[in-house]
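One-letter residues, chain by chain:
There are 2 protein chains.
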Amino acid sequence: MACDCSASSAYSINTKDEKTKSWKKLVNVAVSGAAGMISNHLLFKLASGEVFGQDQPIALKLLGSERSIQALEGVAMELEDSLYPLLREVSIGIDPYVVFEDAEWALLIGAKPRGPGMERSALLDINGQIFAEQGKALNAVASRNVKVIVVGNPCNTNALICLKNAPNIPAKNFHALTRLDENRAKCQLALKAGVFYDKVSNMTIWGNHSTTQVPDFLNAKINGRPVKEVIKDTKWLEEEFTKTVQKRGGVLIQKWGRSSAASTAVSIVDAIRSLVNPTPEGDWFSTGVYTTGNPYGISEDIVFSMPCRSKGDGDYELVKDVAMDDFLWERIKKSEAELLAEKRCVAHLTGEGNAFCDLPGDTMLPGEM
Amino acid sequence: MACDCSASSAYSINTKDEKTKSWKKLVNVAVSGAAGMISNHLLFKLASGEVFGQDQPIALKLLGSERSIQALEGVAMELEDSLYPLLREVSIGIDPYVVFEDAEWALLIGAKPRGPGMERSALLDINGQIFAEQGKALNAVASRNVKVIVVGNPCNTNALICLKNAPNIPAKNFHALTRLDENRAKCQLALKAGVFYDKVSNMTIWGNHSTTQVPDFLNAKINGRPVKEVIKDTKWLEEEFTKTVQKRGGVLIQKWGRSSAASTAVSIVDAIRSLVNPTPEGDWFSTGVYTTGNPYGISEDIVFSMPCRSKGDGDYELVKDVAMDDFLWERIKKSEAELLAEKRCVAHLTGEGNAFCDLPGDTMLPGEM
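Heads up: the protein sequence lines correspond to chains C and V, in order. So the first sequence is numbered by UniProt numbering: it starts at 1 and just counts up by one. So the second sequence is numbered by UniProt numbering: it starts at 1 and just counts up by one.
Certain hints may be false.
Where chains are identical, the list cannot tell them apart; a pair therefore holds if satisfied intra-copy or between any two copies.
[As the list claims (entries may be wrong)] Computed cross-link-like contacts, DSS-like style, restricted to lysine-lysine with a CA-CA straight-line distance of at most 25 Å:
id : residue 1 : residue 2
1  : LYS199    : LYS25
2  : LYS232    : LYS25
3  : LYS199    : LYS24
4  : LYS192    : LYS112
5  : LYS25     : LYS235
Hints are computed from structural coordinates only; laboratory data are not their basis.
Modelling step: build the complete structure from the supplied sequences, incorporating the hints.
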């Protein structure tokens, strides 16, 4: 019976001989879509200590489906065979009300892939239902301060659905992953300017994780100087740069025949590390967050990617002193309009009445089926 | 034309603005089978600094095939998008004489998988030819002190073929990967004893990476005490333990539908780290090495997994003071006999005359096609 597999503990080791270690309290990390390729990269990074630190023991709580439960057992075996000293527990299951229990982090990767010819609205509905259910489960059983990172697409609106279904968890705790977009944007600026990656800072992705996303070259810096002072090719910045960032996943799937699981996993690591480590002085990072009280004039009550800073306590604050010009603002408004339309599409899942779907065109990022 | 892709530099960044950093000299790491799943995990670990250290810049030189060159371009793109500050260069190609140039490490993962019904002898011949060619290429163009880790199966005999075709590189520099076997053995002992993984030490895998491999519970320790003092279940140790270790890959492929790419990559990381970091006092690690001058009485001139220690300089020495009993020795002799038979099978590839193949049964590890 399917229920029998639910949260079966694949591996749990007696900790009685470890009392003398001055390690931190165990952190519970739940991951959905745990049998998929993104997770297959991510779980080993979580277990190795590169995300939460080399003194942070971790329990992994893996959510799969009936179809994937055997694969999850295989993943748990491979994690065992990797002998990670920080990995204290791996549990697997198919019931989010069990798997999310006491979760302090929930990394929501699992989502239905878009089938051939499927409209974005249909995908919003199918995946929205998954995230509504997972929001309810988090609300019922997770840590009251659980941090949630939504990766499954369309991730902004999925995050909105999730937080609306989890009223007892602060809306501020929900994130939609736009870090891969940020990383790709930094990469393109570094390549264009001929500098190392780490010379590019203050990179914002504004808006939706879709083709309306806005990589912000007005505020980004290279070697501490405005991008426009370093890259004089304005035509490239205005016409090519954003397209290149957006098409990256599509080019990759053409060449590689797979979606970008490894670099997505790296960007999830980056997103978490940005919340558990203090942001370097003067810099910021991008994450899709709930827009309540935002200083930019973006509509309230959606999930929108914006520039943020963290003290390293898992929380963040919005960066307030960013410049705006017409070119940037017009694009931000377009992404905002799309998110408002997506929100109307899923009103039945957020408890806001009947859905009305008038999505403008197909704005799924290429390579994200 | 295929040749045009050979070692095309997918990405190389100007280093002139980095002269002030006190980082070490760039290390050149070549990886074959770079478009495969093991590499897909390994390359990101190499680039992140977790293998060679956070102060060690790295150049990755990726060897693929005509068929996989596009996929390799995709891998290079994902590595770019990950913004690893230590990753200074990624080059890709299909000619080992170009890709292996100046390589200081060569991680030879690529090999033909065994087709249905294929005999081990046929696999030895097909893959042996690949490793003969790669040995010649290393001999011609790699660093004179290149360290070579052979992962592609049958890895012990492939390593022997490789080193025989690279007479100008010290035979001591060639390794066959038995670290995944060691990790799996440690995991099983930890689970049986109910202790953490890192309480198991001094684990040797003797012999061939095949079903004749010998996980050594006579010398292994748990919490510093002999395994036999901690695990009183001798029947389990003698009859179940070894089988469980050997069948692990097979069980995994049954459950997960894939071979153990992630944990294999972790074990390659462990194998390299064991050579570039000093071995902890009193402990050792297993690696398949050339048997010349071994103190155990194992036949000379084969590649055999044995207990080794390192000063952290990339080199190793054999551990000499290990205990032996009849049970252990008999099993070691059986694995030795198999490796001698494999050697006779590939005499045409090692320059030792005509091959004569009398392999005893099928000893491929389950899950390794």
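Taking each numbered hint in turn, which are not upheld by the structure, reported in ascending numerical order? Hints 2, 4, 5 contradicted; others consistent.
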